[in-house]
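> Chains A and B, in that order, are what the protein sequence lines are.
Read in my numbering, the first sequence has 40 at position 40, and its numbers run on one by one without any break.
Basically my numbering = 1-based index in the second sequence + 1000.
Treat the hints loosely; a few may be bogus.
Straight-line C-alpha distance at most 25 Å; calculated DSS-like pairs for lysine-lysine [as the list claims (entries may be wrong)]:
{"id": "1", "chain 1": "B", "residue 1": "K1078", "chain 2": "B", "residue 2": "K1057"}
{"id": "2", "chain 1": "B", "residue 1": "K1042", "chain 2": "A", "residue 2": "K71"}
{"id": "3", "chain 1": "A", "residue 1": "K69", "chain 2": "B", "residue 2": "K1042"}
{"id": "4", "chain 1": "A", "residue 1": "K71", "chain 2": "A", "residue 2": "K58"}
{"id": "5", "chain 1": "B", "residue 1": "K1057", "chain 2": "B", "residue 2": "K1042"}
{"id": "6", "chain 1": "B", "residue 1": "K1057", "chain 2": "B", "residue 2": "K1083"}
Keep in mind that the hints were calculated from the coordinates and are not lab data.
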Amino acid sequence: AQSVSQHNHHVILSEAASLELGCNYSYGGTVNLFWYVQYPGQHLQLLLKYFSGDPLVKGIKGFEAEFIKSKFSFNLRKPSVQWSDTAEYFCAVSLNTGFQKLVFGTGTRLLVSP
Amino acid sequence: EPEVTQTPSHQVTQMGQEVILRCVPISNHLYFYWYRQILGQKVEFLVSFYNNEISEKSEIFDDQFSVERPDGSNFTLKIRSTKLEDSAMYFCASSEDSVRSGNTIYFGEGSWLTVV
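Build the full structure now, drawing on both the sequences and the hints.
Below you can see the structure in the form of C-alpha cells.
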C-alpha cells in the first residue's frame, strides 16, 4: 500500500528563516501530490498541488514545492517564514488511477517565533 | 470562498451510543468524503461517496459506520455503537470532480468526537 513519510514532526524557526519540509512517498506509479496546511482552530486548506507538468509548483502565501520523481519526494519550501505560518503541514498523495482517497503523512508542526 | 461546514464541532458520547455527524458539502460538488484523525496520528481516509453510493471505503469503515445523503445538501456519517477508539476528529470533505482528474478536495473544520 502507498504511504507518505514526513520526517520532521516539529520544526521551530525564527521569522525570516527559510523553510523546507520533507515529504517522501512510496508508490511506483503516477501520483498526484498535495500539501495542506491547518492553522490553529481551522480546517485543512490546500497550499499547493502537483498533477502534471512543471515539477516546481507554486502555491499560496509564497510556498512552493518541487516534485522529484527519482527521489519520490515532494518537499515544501518557503524562502522566508512569518509568524503567521505557524501551523501544521500535511503532505498527501493520491494515485492517478482508480482511487479517490488521499493518503496523508503524519504532519509537521511548524512554530515560527517572532 | 465556499466552505464545507460540519456540525457539531464537538460531541461527547457514551460508549455504545449512536452518533451522527453532519456535513454540508460545497453546493456544486459531486464527490464527498469522510476522513478522521485520532489524536497524534495521521489523517486517515474512511469513505468516499459519489452518485448516491459509496465509491471506496477503507478497512476502518466497518459495519458500525454508514454514510447517507438524505437530501440535496447534507452528507452524514453515522457510527452505530461507538467505542472508545472512535474518539477522533472527523473531517468531511468534498470535491467538484474526481481527485484523479486534478480536482482539489476541500475539507471542513472537523467534528471532534469524544467517546467516554
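> Now tell me if each hint is right for this structure.
Hint-by-hint comparison with the structure:
Only pairs whose Cα atoms come within 25 Å are accepted, and K1078 (chain B) paired with K1057 (chain B) is accepted, the gap being roughly 14 Å. For the suggested pair K1042 (chain B) and K71 (chain A), the alpha carbons sit about 22 Å apart, so the restraint of at most 25 Å is met. Restraint check for K69 (chain A) and K1042 (chain B): satisfied, since their Cα atoms lie roughly 24 Å apart, inside the 25 Å limit. For the suggested pair K71 (chain A) and K58 (chain A), the alpha carbons sit about 20 Å apart, so the restraint of at most 25 Å is met.
With a CA separation close to 17 Å, the supplied pair K1057 (chain B) and K1042 (chain B) stays within the 25 Å bound. A C-alpha spacing of about 19 Å is found between K1057 (chain B) and K1083 (chain B), which places the hinted pair at or below 25 Å, so the restraint holds.
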